[in-house]
Amino acid sequence: MAHTAVPVVVETGAAPPAPVEAPLVLEHPHTSTGQDNRKLLMWAFLASDCMFFGTLIATYLVYKNRSLDGPLPRETFDVPYTSVSAFVLLFSSLTMVLALAAIQRGDERRMRVWLTTTGLLGCVFLGGQFYEFTTFYRDGLTLSRNLFGSTFFTLTGFHGTHVFIGVFWLMSLVAHSLRGRLHQEHSLLVEIAGLYWHFVDIVWILIFTLVYLIPD
Amino acid sequence: MSTTEHHLEHEAGEHELEHAHPGAKTYVIIGLILAVITLAEVFFYTQESVRGILVPLLLVLSASKFVLVVGFYMHLRFDHPLFTGVFGFGLMVAGSIITALMFLFGQYPFPHRG
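Line by line, the protein sequences are chains W and P.
Taking this note's numbering, the leading residue of the first sequence gets -11, the next gets one more, and so forth.
Taking this note's numbering, the leading residue of the second sequence gets 12, the next gets one more, and so forth.
I should point out that these hints are in silico values taken from the structure, not numbers from a laboratory.
Computed from a predicted model, the values in this text were never measured in an experiment.
All residues carry an ideal CB built from backbone N, CA and C; glycine is no exception.
Incorrect hints may appear among the rest.
[Said to hold, decoys possible] For each label pair, taking beta carbons as the anchor points, the in silico distance ranges come out as:
#	chain 1	residue 1	chain 2	residue 2	range
1	W	Leu28	P	Val78	31 to 37 Å
2	P	Val66	W	Ser160	37 to 43 Å
3	W	Glu173	P	Tyr119	23 to 29 Å
4	W	Leu131	P	Glu59	30 to 36 Å
5	W	Tyr119	P	Val71	45 to 51 Å
6	W	Thr19	P	Gly99	32 to 38 Å
7	W	Ala163	P	Thr57	39 to 45 Å
8	P	Val104	W	Arg93	33 to 39 Å
9	P	Thr95	W	Cys111	27 to 33 Å
10	P	Ala74	W	Glu96	46 to 52 Å
11	W	His174	P	Val66	29 to 35 Å
12	W	Glu96	P	Glu59	32 to 38 Å
13	W	Ser132	P	Val66	40 to 46 Å
14	P	Leu115	W	Leu108	14 to 20 Å
[To be verified] Listed next, the stretches of chain P that the computed footprint assigns to chain W, with coverage defined by at least 3 CB atoms under 8 Å from CB atoms of chain W:
#	stretch
15	33 to 43
16	49 to 59
17	72 to 78
18	84 to 92
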């Protein structure tokens, strides 16, 4: 049965209410939490991803010194090289927030520039990881070589997959913007993509310290 | 105040709250701080003199970077506390998993390299 919307008048007992100006354009309909459900859902997803990476990091740490034969972390890692990758990913977080600031100002052209820069930096990071993986492979470290290889490639491989998905997401936002479908009032879409991208960055902050920098 | 007025003010207030994000200048400053902390991490890693306190030092520096990114770039410092609660819960579970697994595996001897 179809229902028709009937305006409900709320009596408060006070003087008749003065005309109220319509609020600013709301980015989301009214929700029980008062927050946009899409943003809340992204935070819930990131919370679950914390547990996922927490498990992978824990597994790496408990098996770190348990390999029966090499190659071992000390003789494998090239910390100066990985430091550059860490800088690249950190810098991409900065360009990501600059993209968000641009769309919130209504500067769509600059948003596209920053989003594209972020995506390119993500590609540089992925290229660096690909080079690192192939170097390790040539040095004899494979996924099935020892406990270090299994846990290291699983952890960093899943992180790289996250970066790849993030690059794809950012490029799709740029494509939407070029087609004229992403404007200032849709800035939440950029903010949600940014949350994902920054999460990928904070996971790398932890991996860089716990896996690469902390000695055996 | 009528319920309608109250509702509209509430919505407008939340809208303002959601947009009270820092500007580009703050983002660049935070970016510079993050770069300096990363440089410090790599510097301490190469110093033999701090070997004894290297692990806690690196953990503190890493945690500072984590807090800066989450607080400023992900806007948890400015957004509704609900988001902090949701993310904090996941983080707490992750921390518990790491602690519990390291404790459990520390209890059992593993075969060592001969």
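Verification of the supplied hints:
1. The given range of 31 to 37 Å is broken by W/Leu28 and P/Val78, whose C-beta atoms sit roughly 22 Å from each other.
2. Between P/Val66 and W/Ser160 the Cβ separation comes to about 41 Å, which falls inside the hinted range of 37 to 43 Å.
3. Checked against the hint of 23 to 29 Å, the pair W/Glu173 and P/Tyr119 fails, with Cβ atoms roughly 57 Å apart.
4. For the hinted restraint 30 to 36 Å between W/Leu131 and P/Glu59, the CB-CB distance of approximately 34 Å keeps it satisfied.
5. Checked against the hint of 45 to 51 Å, the C-beta distance between W/Tyr119 and P/Val71 comes to roughly 31 Å, which is inconsistent with it.
6. Range check, W/Thr19 to P/Gly99: about 21 Å between beta-carbon atoms, so the 32 to 38 Å window is missed.
7. With their beta carbons about 43 Å apart, W/Ala163 and P/Thr57 fall inside the hinted range of 39 to 45 Å.
8. Distance hint for P/Val104 and W/Arg93: a CB-CB separation of about 37 Å, consistent with the stated range 33 to 39 Å.
9. Judged by the Cβ atoms, the range 27 to 33 Å given for P/Thr95 and W/Cys111 holds: they are separated by roughly 32 Å.
10. At about 36 Å, the beta-carbon gap between P/Ala74 and W/Glu96 misses the expected band of 46 to 52 Å.
11. Distance hint for W/His174 and P/Val66: a CB-CB separation of about 45 Å, inconsistent with the stated range 29 to 35 Å.
12. Checked against the hint of 32 to 38 Å, the C-beta distance between W/Glu96 and P/Glu59 comes to roughly 52 Å, which is inconsistent with it.
13. Distance hint check for W/Ser132 and P/Val66: the Cβ-Cβ separation is about 30 Å, which falls outside the suggested range of 40 to 46 Å.
14. A hinted range of 14 to 20 Å for the beta carbons of P/Leu115 and W/Leu108 is inconsistent with their spacing of about 43 Å.
15. Under the rule that three or more residues need a Cβ within less than 8 Å of chain W, the assignment of the stretch 33 to 43 of chain P holds, with 6 such residues.
16. Only when three residues or more bring their CB closer than 8 Å to a CB of chain W does the claim for the stretch 49 to 59 of chain P stand; here the count is 4, and the claim holds.
17. Only when three residues or more bring their CB closer than 8 Å to a CB of chain W does the claim for the stretch 72 to 78 of chain P stand; here the count is 4, and the claim holds.
18. Check on the stretch 84 to 92 of chain P: 4 of its residues sit with their Cβ under 8 Å from a Cβ of chain W, so the three-residue criterion for coverage holds.
Of the numbered hints listed earlier, those contradicted by the structure are 1, 3, 5, 6, 10, 11, 12, 13 and 14.
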